[in-house]
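Novice: Protein sequence lines, in the order shown, are assigned to chains A and B.
Number 796 marks the last residue of the first sequence (the working numbering); no jumps.
Number 290 marks the last residue of the second sequence (the working numbering); no jumps.
No lab work stands behind these hints: they were computed from the structure.
Beta carbons are placed, not taken as given, at the ideal position from N, Cα and C, and that holds for glycine.
Be aware that a few hints might be false.
Take a look, some chain A residues computed to stay more than 12 Å from chain B by CB distance [unchecked claim]:
(1) N168
(2) E179
(3) K222
(4) W426
(5) R496
(6) F547
(7) N637
(8) G694
(9) Y717
(10) P736
(11) K768
(12) W785
Okay, derived cross-link-like pairs now, SDA-like style, lysine to any residue, Cα gap no bigger than 20 Å in a straight line [unchecked claim]:
(13) A:K574 with A:G629
(14) A:K768 with A:L400
(15) B:K43 with A:S713
(16) B:K43 with A:L132
(17) A:K662 with B:R191
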Amino acid sequence: MTTVHERADTFHDNDQKPVGYGRMLRKEDPRFLRGRGRYVDDVQLPGMLHLAILRAPVAHARIVSIDTSAAEASPGVRAVVTGAMLAQQGLAWMPTLSNDVQAVLATDKVRFQGQEVAFVVAEDRYAARDALELIDVEYDVLDPVIDARRALEPDAPLIRDDLDGKANNHCFDWETGDEAATEAVFARADVVVSQDLVYPRVHPAPMETCGAVADFDAVDGKLRLWSTTQAPHAHRTLYAIVAGIPEHKIQVISPDIGGGFGNKVPIYPGYVCAIVASIVTGKPVKWMEDRSENLISTGFARDYIMRGEIAATRDGRILGIRTNVLADHGAFNGTAAPVKYPAGFFGVFTGSYDIEAAYCRMTAVYTNKAPGGVAYACSFRITEAVYLVERIVDCLADELGMDPAELRLKNFIKPEQFPYTTRTGWVYDSGNYEPTMRLAMDMAGYAELRREQEEKRARGELMGIGIAFFTEAVGAGPRKNMDILGLGMADGCELRVHPTGKAVVRLSVQSQGQGHETTFAQIVAEEIGIPPADIEVLHGDTDNTPFGLGTYGSRSTPVSGAAAALVARKVRDKARIIASGMLEVSVADLEWEKGAFHVKGDPGTSVTIQDIAMRAHGAGDLPEGIEGGLEAQICYNPSNLTYPHGAYICVVDIDPGTAQVKVRRFIAVDDCGTRINPMIIEGQVHGGLTDGVGMALMEMIAFDEDGNCLGASLMDYLIPTSLEVPDWETGFTVTPSPHHPIGAKGVGESATVGSPPAIVNAVVDALKPFGVRHADMPLTPSRVWDAMRGQARPPV
Amino acid sequence: MQVPAPFEYERATSVDHAIGLLERLGSTARLIAGGHSLLPMMKLRLANFDYLIDINDLHAELGYIETGPDEVRIGALTRHRELLESAQLAAAFPIFADAERVIADPVVRNRGTLGGSLCQADPSEDLSAVCTTLDARCVIRGPGGAERVVSMEEFHVGPYETAVADGEMLVEVRLPVRPGCGSAYEKVERRAGDWAVVSAGAAVWLDGGAIVDARVGLAAVGPNTTGIPEISAALRGREPSESLFEQAGAIAAGSCDPATDQRGSADYKRHLAAELTRRTLRRAVERARS
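Extracted from the complex, chain B is given alone in its bound form (with noise of 0.2 Å):
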């Protein structure tokens, strides 16, 4: 059994008192939802931290799936689970479904959360390679209860590094919602249940024939998920096609900067991403037009 550093430990009983605390004890406390990426860094300690605020009391007032007619809303302490298995959001996004069934496992999946997967800012990370996708907004809220809205490319400052400062949070999610919508996400991977060797989300915008506008978010090719805006650029207006999508996988194995390591060459990870830019996007052009 690997054992963390002591740390002395309290649950939060609200949105309020959680960032209270993380206010009074600023970069030495942490707050913990799922769990399974700090506590594992913690066992190994990689990462000790001082305190830690559960929130997991307070799925309550965080977790949530609302859908709009201009935005989806996703309380951050909203588990991997109901994500999987929201009816709502899959009729609206079926990219989370696809992520979700190649996140980790079921054990993980009843736990981590939506929020806990944002913050960790993995650069492998599904979940934030879909809300690149679909160009999310993060509700950081802070003490006295002040929020600020930002993007994704706001959001994650670096490797493990969000905009997320000592005594906020990050409580919601906000997806903007157009019509004639199709997304889609795949995910390579050694092994079920590993971190993406390379993974892919597509997103795309119809209006009759035409693309209106299209998205497309890469997982483990750099120092952060990436979203490649010269993709957009290049099928806003266009007719899909099998050429387009070629073009498109082109400018994603062109602009993304992977590096080799156990899970895969540099070279291979470009191909991966030229490879599952193609399948998502023609994936979520099916679904765009179904």
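This is chain A alone, in the form it adopts within the complex (with noise of 0.2 Å):
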């Protein structure tokens, strides 16, 4: 047995401080190192019955028929419910967070491989897993389509029949920027690079795969639903408006959960199937899908098909960006994004450089696949855009025989064009791109790493340097223009302060690994002068919490951390009112350092914020129209997205034998902002990479021409390993956000969004003696190897 005796010096940052931000030990941590979370799988109710769904075994399908006589007659079963059944109740469809409707069970057709056909009750999850083999489904089944490029071909057979007046597979079009500005300086350029660019389909496979248990009481008519979902309150609001509860008579719990990456931000078919099936039995009713449905049925990421151009003059000053993408939404439109942005924040896909024109037209399908669109941590599908930038830009370099990070330099806006409108329309709040450039540089050595590939490429040896080089949009956002199916995308924090001066504070958001617990009370703390250990963090519960969107985008510390330095402030003046009293001087007089006030120029007459505390809850008198307790509550709706950027540098070595890619180094230089607890930073910025190198090198969920989803288990959809990861070398610049509270601006997919295109243009640039200028994901060996044979193809 080991005594830890002292912590690593990096860990004393708090210590030192009393209060606020820096290095600190999770205080989450201790439960989940000791298995003591408590997730969905783990709720346990008195006479629960377990819910099993039937899924789709073909892509497209008319159902003719559902024989459940057998089903119902297995032993355990308490009920098995269809489609039909389900739309008796009006409840076999549902909208999606895009204005599209969802089945809940499938009535008419079955639509994507692994979509909802029916559900078993059953005593136990045996019981219930047994009776679906015995559900006896007819299908018609109908040709599929299940490459995008095919959906809008006259002869494509039809997916939404459902849709009133729907005679294609056309979903939306979507366009920014201004087409004839683009165009003219596309005439005048020097240089026009085009390249056609696949992001494939990806999943954020989630360790903890979806689930809830639903618990209606049908005497006093509330549903308690614990639920795997990253926005509880939303979810009430739309379990209300979908099911006709009152709102009031619905809780959301979101208890621990293990990821989400966006793969929780949905409402998906079985979260609806449990709440009918504890409201037909009168029970309590747990249902958590397998791997394999995770994987085949729930939000998948990209699936964009682009086309970048890039316009320049000869010596590397880049005019224009145009873009044109063919986006795969799957059988149904179940994006998850701001109402008015179908794209996400693919507008975006200017980057970091000051053009004068871009323009992308997009135009998005039906397929017979799983809906879905916006998750694996993609800030709204920054991922895409900034994947697309940066590639382009690589292939520019390549063109003008450039350096990609000189030429990265030259085109960066400069720090005093900020607040930088760009040509699409976003407006950049902060920035200083070249100091972070640089120190990427330094880290990774470039000109040293730059010299030891010529002396490889002599050799015949293959090293690749990749830069990638990017802005994110974290934080949706303004009510003005952000809502979800008309929720608007604001924030609620409440503080209450107790007699002996310690604090509760209860989020609107709710962590999926973020490490709120600890970052939440550091934020507060930083304000009010209570320590971090002294503050307990609350979130997850609708009933405990005030109302707000939820996390994802990256929008936690950017909205509610906001909330809740605000909230802190709100409590701070009240103890400001309270302390002048105490010490018998004007509010005026009084100066605030480190959890007390004291009275200007004479520090030693103070008093403490636990004294405060004291006061406010005790016997004595209160200033003038001051009210008992410490407590206060806000709604914080944010003006701007904040803006994070980062410099990425990725090393790669390619065996020349087998096309094998091995990820050498990896330089990640991120500013968020103010930093809040660099560790947690850490933490989210590894993750992401390791994500990047998964999407780089390995993952896709691919299928077969008839449409079977080929990546439905964890052996044949491959997630990276620690062995396919380098030891990350991270750095980080500070260019706060000058409209947020404490400067801080998102980075929890900051790496996610910034490392596929380092990886792609290390690949690629290890790849040049062969000529190649473009592969797309996933570079698996073999993918790699057509490359160096002058065969790259897209992924299919």
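If you follow the hints, you should be able to join the two separate chains into one complex; please do so.
Specialist: What follows is the structure in structure tokens.
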């Protein structure tokens, strides 16, 4: 048994400061490390039944008949429910987060392999699962649409015949920027480079799959729902609207969540089925999907087929960027993004560069694949945007014969240009790109790496150096233009200080592993001077937390973090008035420092926040007009998004004989503004970089031509392990957000956004001797070998 | 959590007990050792058996590595980890440690067994390629203790099919020992722990400067792991050289029959068959000389 006498120096920051920001071990970790986390599947209620879902075995078929009699007679089975039965209650269809509808259980047709067709409720999980085998469904199999490029062909099978008047598989068109101005810039440019790129369909694959326990009490009419949700409040409102249960009679509880990555933003049919099952049986009902169900039916990510074009002068001044996108949205448009942003925040595809014109035209289509589209830590499609721009900038560097770092440095938006309005209308709040880039290059030893590469090339060895520089847009968002199904994207926060000076802060956002219980305690601590250890952070239970839209798109710190700082300031303002009474001086004569007010010029005459808390709840008089207690609540509406940035450099070696890629080094310099807990930030960056290695090198949800999902288990859908990643080298610069109360920006998705292009750029750079300018992800050995032979192909 | 269909379960107390149960229950029963292939298939309901006979208690009887002057005998219940860590096996056939280092992960290696690997008869399975390379003999025991010994070619009847009949079990693998041997294994995988895109094992036996015998075994390039007699014929009696390895690689590429799948294209796999044949022969010769 080892006894730890002293923690590493890096964890002392917080002890030295008494309060606030700095490295600090996560408050939530003891329970996770001891196996005492409590997840949805840990919920056990008396009399609880178990639900299993029968899913479509084919991608596209008309349902001819369903016979449930054998399943109903199976031992332990309490109910078998089909789409036809739900239709009688008006519950067979539900709205998606993108104003489309999605079948809860299929009534007419199945539209993707894995779609929900019927469910069984039984006394245990095994009985429910076994009974699924006994449901006899007759299908009339139809031709599927699998390749998005085929979806709009005149003879393509029609997928959404449920929609009135729908005659094709068109989902939506979207454009941004100025087409004519962009055309003019391209017409006069010295150099125009065009490149087709595919960002394949990938899956977030959180360790915990999705699930719910629904407990409807028929006497008081209250529904308690434990569910794997990143947005408990938004889900509650939507259940009220869809199921007609009054909102005050719905309690959504999101307990410990084993990873989200956007996979747990949508409302899935399984949640609704569990609710229906509890109402029908009068018992609590648990539904937990298995790994295959999670991979084949829940929110995927990406699936963008893009053409990127970039125009520049011969000396490397970027003039314009243009792109055309074909977006595969699957069978139902289940994208989780602000309503006015059907392509998410893809509009930031102009990247970190000061250019003259930009234009994007996008067409989205339905295919016979699972719905979803915004997930896997993508910041609402910024992954796709950054991949596009960082790949075509490298293509341009190749065309011009310029160093890709030099080309980027030459075209960065300059610090004095912020706030900077991009050619597609985004207002970047702050940024100072060159120092971030220079730091990454220094850490990498960039010039030395290039020399090494030259030597290795001469010997026939394949080494590549890839750069990506990204600007993220996170913290959705201002309620004037951002909402999800009419719900504004503002977030509440409530802070109570107890009589003994301990506090509880209640958040509207919900952690899926981001460390909220620590970070938010530190934010409040910094403002109010109570140590983080004395601040309890509550989240995830709609009956016990204020309304807000939840955790995704790296929005917790930009939105709820601001709310937490402001609510603490509100409490501090009240504390100041109480302190003025206690010290018998005017408010203006008080000075605040580290948890205490003292009289200006007399630091010895002071009261601590703990003294004030006791007075606020005590028996003595309070200043005129001041109520007892020390608490406050606010709702924070961000005035803008925050725009973190970062410079990533990746070094790869490729075995010329087997075409295997080894990521040798990865340098990540992130600027997320004010840093609250650097350890947590680094952890988030490490995770995102690992995701990036997965996407760049191995991950893809593939389908065969019949629409069978080929990635239905973790044997087939590969995610990276520690053996595929190097020791991450992280660094940081700090450019605070001017509009955020503490200057913080989000960071949760930065690494997922920035790392794939760095890795792909490195692989392509390594393959330069073979004349390779582009190769699509995933860069498996086989696909790299194809590229080496001049046969790089889009993935299928 | 993925759950299998209902089955009955019994722990065997001896090899004879296990064989007795197999004989009585026929094709509805399956032995379970490490379970790392069988259980996922059952959970995915790709395999459904009425009875599982657990042989994990038989390690005393079936878990051993015995090195003799003419033969190495390995019990069917010997775990991957034991194969990886055995110094005597590494001395005789370093190909085992090469392969074990790239088989799955430590959790799987703690449980998975040699016999289970061979009986799964997955065309991508590493130890099958190793045993093919080393010209292993498989000892199959049946009712009444009757034993028969078959070659790897005979043992693997087809993908996921072996010569082990109902009422029989694989109890031992025998590897012939000849002087001047060097062996090596190499695998290309998309990610650590994945099945092979292609893997190759090579063994050479040298006498003086010349190759007395050579064998190459490939995995994931056809319906079963493949031994390539043409390579043996081409190498026998020759001095090892790069051009000879090139020739062997070309034979490997030409004689295998890979399919395009998520792990790679058939062309790439054929290329790897050549590349890995060259690499493993090169290393096997180095080891034979040292």
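Novice: With 12 Å as the threshold, tell me whether F547 of chain A passes as away from chain B on beta-carbon distances.
Specialist: holds (34 Å)
Novice: Per the stated criterion, does the least C-beta distance between N637 of chain A and chain B lie above 12 Å, as a non-interface residue requires?
Specialist: Holds: least Cβ distance 42 Å, greater than 12 Å.
Novice: Between K43 of chain B and S713 of chain A, is the straight-line Cα distance small enough, at 20 Å or below?
Specialist: Cα-Cα ~11 Å, so holds.
Novice: Regarding the assertion that K222 of chain A does not contact chain B, is the least Cβ-Cβ distance greater than 12 Å?
Specialist: At about 29 Å from chain B, K222 of chain A clears the 12 Å cut-off, so the statement holds.
Novice: Measuring Cβ to Cβ, find out whether W426 of chain A lies farther than 12 Å from everything in chain B.
Specialist: holds (37 Å)
Novice: Does the alpha-carbon distance linking K574 of chain A and G629 of chain A stay inside the 20 Å limit?
Specialist: Roughly 10 Å between the alpha carbons, so the hint for K574 of chain A and G629 of chain A holds.
Novice: Just want to verify: K768 of chain A was marked as not at the interface with chain B; is every Cβ pair farther apart than 12 Å?
Specialist: holds (21 Å)
Novice: Do the alpha carbons of K768 of chain A and L400 of chain A lie within 20 Å of each other, as the hint requires?
Specialist: With Cα atoms ~14 Å apart, K768 of chain A and L400 of chain A stay inside 20 Å; holds.
Novice: Since Y717 of chain A was said not to touch the interface, does its Cβ keep a gap of more than 12 Å from each Cβ of chain B?
Specialist: violated (9 Å)
Novice: Measure nothing beyond the straight line between the CA atoms of K43 of chain B and L132 of chain A; if it is 20 Å or shorter, mark the hint as holding.
Specialist: Within the cut-off at roughly 14 Å; holds.
Novice: E179 of chain A: least C-beta distance to chain B exceeds 12 Å?
Specialist: holds (39 Å)
Novice: For P736 of chain A, which was marked as not at the interface, is the minimum beta-carbon distance to chain B over 12 Å?
Specialist: Holds, since 40 Å exceeds 12 Å.
When the structure is compared with the earlier hints, violations turn up for hints 8, 9 and 12 and for no others.
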